[in-house]
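Enquirer: Those letters in the sequence shown? Residues 9 to 208, by the working numbering.
Fair warning: there could be bad hints in the mix.
[What the hints assert, rightly or not] Okay, the calculated beta carbon distance ranges per label pair:
no. : residue 1 : residue 2 : range
1   : I49       : A82       : 42 to 50 Å
2   : N121      : E85       : 12 to 20 Å
3   : R202      : T60       : 48 to 56 Å
4   : R202      : D100      : 16 to 24 Å
No wet-lab data here; the hints were simulated from the structure. A virtual CB, placed ideally from N, CA and C, is assigned to each residue, including glycine.
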Amino acid sequence: MAGVENITNEILRDADENSAGIIKEAEDKKAKLIEEAKAEIEADSKKAQERTAAEKSNLLERAKSEAATNEKRAVLEARNEIITEVLDKAYDKLLNESDSEYFSMIYSLLEKNVHAEKGKMQISDKDMQRLPSDFKTKISEIASKKGGELVLSDAPADIDAGFVLSYGGIDENCSLKAIFNEKRTALSDLVYKRLWPKES
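When you get a sec, could you build the whole thing from the sequences and use the hints?
Expert: Right, here's the structure in full:
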């Protein structure tokens, strides 16, 4: 019996020793895994911080760039609004000139656009109501100086100001609105240079 007990104790001792070795090996492996995990976490954390810093820097640069772009756009829009307002006021001023100044401008405009042929002139209904007494004579004289003939139509043109010339069935729109629209870019440039000369 004692032999059996001795054998049992021997087995238990071996198991204890083996289990202690197994446990120690497991503990060593665990410690190593923990160290590796810590190192990996630190490396990942460092990479994440670097990435975050880079992303933060990129985001900051993007935000600055976007803010600068938005500022430029806002300034440009404001300037365009100012230029449009200046041109609109200039146009309104032309429409509301005194009769003598307005028709003086019409004669000057006609001199630049009349042809050396027979034609017809139409003006707005508003202008027909305030025609100078010598208007027909004046436009006829201007046309004859260029070697042409011009008569005033009884039918008003569908325009707010200026005139429409007709030669051989072809209409030439010399309304102030058409002229303003045609020259709008050049006029805008002139206004820009006048208002912001240092940037021109």
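Enquirer: Against which earlier hints does the structure fall short, listed by number upward?
Expert: 2
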